[in-house]
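Q: Protein chains in written order, with the working numbering: chain A, 1 to 243; chain B, 1 to 320; chain C, 1 to 293.
Honestly, the hints are just simulated from the structure, not real lab data. These figures come from a predicted structure and were not determined experimentally. Hints are supplied without guarantee of correctness; some may be wrong.
Unchecked claim - Facing chain A, from chain B, some residues (calculated, C-beta under 7 angstroms): (1) Arg202; (2) Met205; (3) Leu206; (4) Gly207; (5) Phe208.
Said to hold, decoys possible - DMTMM-like mimics (lysine to aspartate or glutamate), calculated; alpha carbons at most 25 angstroms apart, straight line: (6) A/Lys78 / B/Glu200; (7) A/Lys97 / B/Glu216; (8) A/Lys78 / B/Asp198; (9) A/Lys192 / A/Glu179; (10) A/Lys97 / B/Glu313; (11) B/Lys3 / A/Glu122; (12) B/Lys305 / A/Glu139; (13) A/Lys97 / C/Glu99; (14) B/Lys305 / C/Asp95; (15) B/Lys3 / A/Asp120.
Ideal placement from N, C-alpha and C gives every residue a C-beta, glycine not left out.
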Amino acid sequence: MASLTPLLVTSGLKRHFGGVKAVDGVDFTLHEGEIRAIIGPNGAGKTTFVSLLSGRTEASGGTIRFAGEDVTRLPAYKRVQRGIAYTFQITNIYQTKSVADNVRMAVQGRMQRVGMPAFDFEAETAAALAAVGLSDRAETIAGELAYGHQRLLEIAMGLALQPKLLILDEPTQGLSDAEIENFLSLVRTIAKRATVLLIEHNMAVVMALADRISVLTRGQLLAEGTPSEIRDNAAVQEAYLGA
Amino acid sequence: MTKSAYRNNLFLTGVVLVLLFFLQFVLPDYHVLMGTRMMVLAVFALGFNALLGYVGLLSLGHAMFFAAGLYGAGLTVYHFGWSLPAAFGFAVLASALLALVIGAVVLRTIRVSFMIVTLMFAQVAYLMVLYFAEWTNGQEGLSLPLSARAVHLFGATLDLSSAITRYNLAFGLLALCLMLLFAYLASARGRVATAIRDNEGRTEMLGFNVFAGKLEMFVLSGAMSGAAGAAYALLFGYIGSTFASFQYSIEALLFTLLGGAGTLLGPLLGVLLMVAMIDKLSELTSAYLLVIGVVLIVVILWFPKGILGTIRERWAPWLL
Amino acid sequence: MALGPYLFLATLEGLVQAAVLCITAAGLSLVFGVMRVVNVAHGEFVMLGAVIAWFAASLVTGHPAIGFAVALVISPVIVGAIAFASERLILKRLDYNPEATIVATIGLLYILQQTVLIVYGPDARPVDPPFYYTIRFPWFGYSSYKLFVIAAAIVIMGAIWFVLQKTKAGLIMRAAQFDRETAQAFGIPVDRVSAFVFAAGAGLAALAGVLVVPIQQAHYLMGADPLLLSFIVVIIGGLGSMSGTVVAAILIGLSDGILSVMFSPTLAKMVSTLLVALVLVFRPNGLFGKAAR
Numbered sequence: 001m002a003s004l005t006p007l008l009v010t011s012g013l014k015r016h017f018g019g020v021k022a023v024d025g026v027d028f029t030l031h032e033g034e035i036r037a038i039i040g041p042n043g044a045g046k047t048t049f050v051s052l053l054s055g056r057t058e059a060s061g062g063t064i065r066f067a068g069e070d071v072t073r074l075p076a077y078k079r080v081q082r083g084i085a086y087t088f089q090i091t092n093i094y095q096t097k098s099v100a101d102n103v104r105m106a107v108q109g110r111m112q113r114v115g116m117p118a119f120d121f122e123a124e125t126a127a128a129l130a131a132v133g134l135s136d137r138a139e140t141i142a143g144e145l146a147y148g149h150q151r152l153l154e155i156a157m158g159l160a161l162q163p164k165l166l167i168l169d170e171p172t173q174g175l176s177d178a179e180i181e182n183f184l185s186l187v188r189t190i191a192k193r194a195t196v197l198l199i200e201h202n203m204a205v206v207m208a209l210a211d212r213i214s215v216l217t218r219g220q221l222l223a224e225g226t227p228s229e230i231r232d233n234a235a236v237q238e239a240y241l242g243a
Numbered sequence: 001m002t003k004s005a006y007r008n009n010l011f012l013t014g015v016v017l018v019l020l021f022f023l024q025f026v027l028p029d030y031h032v033l034m035g036t037r038m039m040v041l042a043v044f045a046l047g048f049n050a051l052l053g054y055v056g057l058l059s060l061g062h063a064m065f066f067a068a069g070l071y072g073a074g075l076t077v078y079h080f081g082w083s084l085p086a087a088f089g090f091a092v093l094a095s096a097l098l099a100l101v102i103g104a105v106v107l108r109t110i111r112v113s114f115m116i117v118t119l120m121f122a123q124v125a126y127l128m129v130l131y132f133a134e135w136t137n138g139q140e141g142l143s144l145p146l147s148a149r150a151v152h153l154f155g156a157t158l159d160l161s162s163a164i165t166r167y168n169l170a171f172g173l174l175a176l177c178l179m180l181l182f183a184y185l186a187s188a189r190g191r192v193a194t195a196i197r198d199n200e201g202r203t204e205m206l207g208f209n210v211f212a213g214k215l216e217m218f219v220l221s222g223a224m225s226g227a228a229g230a231a232y233a234l235l236f237g238y239i240g241s242t243f244a245s246f247q248y249s250i251e252a253l254l255f256t257l258l259g260g261a262g263t264l265l266g267p268l269l270g271v272l273l274m275v276a277m278i279d280k281l282s283e284l285t286s287a288y289l290l291v292i293g294v295v296l297i298v299v300i301l302w303f304p305k306g307i308l309g310t311i312r313e314r315w316a317p318w319l320l
Numbered sequence: 001m002a003l004g005p006y007l008f009l010a011t012l013e014g015l016v017q018a019a020v021l022c023i024t025a026a027g028l029s030l031v032f033g034v035m036r037v038v039n040v041a042h043g044e045f046v047m048l049g050a051v052i053a054w055f056a057a058s059l060v061t062g063h064p065a066i067g068f069a070v071a072l073v074i075s076p077v078i079v080g081a082i083a084f085a086s087e088r089l090i091l092k093r094l095d096y097n098p099e100a101t102i103v104a105t106i107g108l109l110y111i112l113q114q115t116v117l118i119v120y121g122p123d124a125r126p127v128d129p130p131f132y133y134t135i136r137f138p139w140f141g142y143s144s145y146k147l148f149v150i151a152a153a154i155v156i157m158g159a160i161w162f163v164l165q166k167t168k169a170g171l172i173m174r175a176a177q178f179d180r181e182t183a184q185a186f187g188i189p190v191d192r193v194s195a196f197v198f199a200a201g202a203g204l205a206a207l208a209g210v211l212v213v214p215i216q217q218a219h220y221l222m223g224a225d226p227l228l229l230s231f232i233v234v235i236i237g238g239l240g241s242m243s244g245t246v247v248a249a250i251l252i253g254l255s256d257g258i259l260s261v262m263f264s265p266t267l268a269k270m271v272s273t274l275l276v277a278l279v280l281v282f283r284p285n286g287l288f289g290k291a292a293r
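Assemble the whole structure, with the sequences as input and the hints as a guide.
A: Structure (structure tokens):
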């Protein structure tokens with residue numbers, strides 16, 4: 001892994017809201033093929049941090065480089081076109097469209113990115129739906145799906161974009177244990193093709209999935225390491241588990 | 001859109017157009033004139049609905065684009081003696097350009113601000129018409145010269161004093177605009193537009209340039225409204241500041257809401273009903289605009305989806 | 001007339017306009033601040049106030065001051081009642097959805113305006129001022145009534161300030177303005193507050209209409225200008241800030257008065273509308289930015 005050029009590098013990344021330093025000078029490196037988890041107590045700036053990466057929030061300072069290119073000032077949609085996909089913390093789908101139509105929009109998004117003229121729309125859609133196990137609900141109106149299925153649809157849309165980096169913001173929130181099991185194997189499949197960055201509260205999920213973990217507190221990077229290193233890190237225990 | 005929905009919509013639109021075409025043979029003269037007016041206004045409402053119904057942007061200033069077309073065509077004919085096709089083409093281009101410039105500014109705002117800002121820009125346009133009275137003759141307006149009552153195109157001459165000719169020209173414009181919008185909505189770009197309407201944030205995070213998508217529809221909408229204005233000026237031979245006023249912006253909104261925002265044929269239906277209603281009522285009282293207020297409130301309270309929108313919800317989910 | 005006195009006159013005229021504008025805009029600002037409703041029918045409430053003043057003046061015999069005094073009382077009450085009813089019957093049922101309420105108040109605009117056209121007719125009719133005394137300056141005479149309008153505006157704005165800052169009703173309104181949900185959670189009947197606020201806003205507009213009618217005549221289409229100008233004032237002054245509203249009203253009233261003397265009024269209106277539209281676009285964190293959260 002170390003031999004590869006990093007997929008994503010942030011240096012001195014900052015976001016201030018008035019006097020509040022939500023993200024305060026983060027130097028962060030992500031390598032291709034990793035599954036990386038970001039953990040930290042509530043209000044540590046995790047969501048703001050990934051919003052900066054995806055371009056939904058503008059940086060107050062610092063830089064973001066993605067696949068060797070400075071993307072700090074790029075609008076969100078251009079970053080998506082370069083391969084950064086983001087799934088929302090609160091499910092954000094087209095409520096009134098069918099499940100398949102939701103995924104079709106994502107496929108179309110990818111199509112305009114790669115600009116392939118002869119593109120099997122339906123096959124791509126079906127593949128993404130099959131990957132998350134929603135094939136039999138393709139014609140259901142998305143808003144009528146159960147919550148767990150809506151989360152899966154959200155991920156299917158991320159998949160259909162075929163991103164280089166998939167950012168998952170608290171993907172298991174509100175899922176049942178069985179659904180979480182299913183989700184774990186899903187992320188492992190995704191990780192074969194894409195780098196995964198996830199914010200997660202459920203430590204069991206984090207420990208089971210992540211190659212490496214980054215700990216964020218008060219907008220700053222506190223520690224970084226393998227799951228076992230993080231588990232044994234005294235500072236992390238104090239700041240996060242002890243808090 | 002599925003194939004069967006596509007076919008249904010195409011069929012329905014076709015039937016409506018065929019009906020409109022044959023109406024000219026059965027309607028009495030007065031109603032032919034009214035039908036002509038309705039179809040031109042329907043083009044205006046169609047343009048308005050392109051924006052409200054399919055990207056979800058409620059403009060309160062669309063009279064400025066109607067007026068841009070009206071004056072773009074009327075003034076070039078009146079002052080420079082342009083031929084009607086040239087004036088029409090210029091007017092459509094001018095309103096598209098105006099929409100591009102205004103859109104680039106107002107699309108930075110959303111929701112309530114968007115409504116207020118479009119209203120204010122339209123007010124500026126209205127005041128401009130009054131201020132440059134030397135050219136526009138302000139409130140009183142201008143009647144186009146008799147020489148502008150005929151179109152010479154490809155060796156043929158169309159006599160605009162003939163009610164039937166005017167009816168068919170208006171019909172042609174409406175048919176063209178309906179087909180254009182239909183094709184647009186059925187295309188990949190149309191899907192992006194409705195995606196923006198349904199969920200802007202999601203659409204951006206799928207890699208679509210939301211601003212560009214909105215601007216594209218804004219320009220299409222402005223150009224269509226402008227085409228309606230130009231047709232109005234040339235077909236009826238009169239231009240005046242009323243057409244730039246707040247009331248015209250509201251009428252476009254009213255037609256669209258009544259017929260059903262986000263339905264292809266809704267604006268046409270709204271125009272038919274409202275213009276007929278206003279026409280009947282104006283025989284009874286000078287306060288016939290009362291009906292605008294009543295219908296607006298009734299629709300917004302009880303039929304927020306409009307007539308065709310309600311039909312789609314209950315019976316015909318395929319309706320575009 | 002030399003330039004000095006000329007400017008003095010223009011300033012006086014501007015202040016009179018600012019005074020009326022202040023009251024009108026305060027009503028609009030109050031309604032938007034507390035209810036987040038952009039009331040497009042606000043100008044019609046001014047018009048209704050003026051028309052009711054005309055009815056009062058023509059029905060009450062005797063000295064014009066009596067009719068005027070009657071109008072000062074009944075106009076805001078009647079208009080407030082109409083607004084109260086519209087709020088209950090229409091705005092509340094729309095759940096104060098910002099876009100829907102704009103459309104509804106546009107509907108209300110036409111209903112009020114056209115009803116007045118039926119009842120009152122298309123003519124512009126004058127109303128006698130309550131007193132005629134003319135103040136003699138060295139260069140010109142000036143209607144004491146216009147100075148009274150300025151004084152009345154100061155008193156009314158003082159009263160608004162007092163109500164908002166020093167009374168329980170004001171506290172409730174400010175709480176609802178600050179955060180609707182939280183206010184509701186603290187047991188403030190936000191819903192009922194809305195109806196009273198809408199009525200109060202309309203009442204202020206009606207008051208402005210009564211004050212302006214001896215200067216301007218009552219006409220069923222007179223609502224358009226006050227609406228546009230109060231929008232401008234509220235946008236420039238910043239939302240919810242009464243002091244901002246006052247400052248902006250004086251600024252707009254004065255500049256409009258002076259600009260209209262130097263340029264054509266149409267041009268002055270055109271330029272100021274354009275500038276304010278641009279303010280709204282490029283300073284989205286101004287008043288309407290909060291609304292669109």
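Q: Honestly, which of those hints from before does the structure not fit?
A: Checked against the structure, no hint fails, so every one of them is satisfied.
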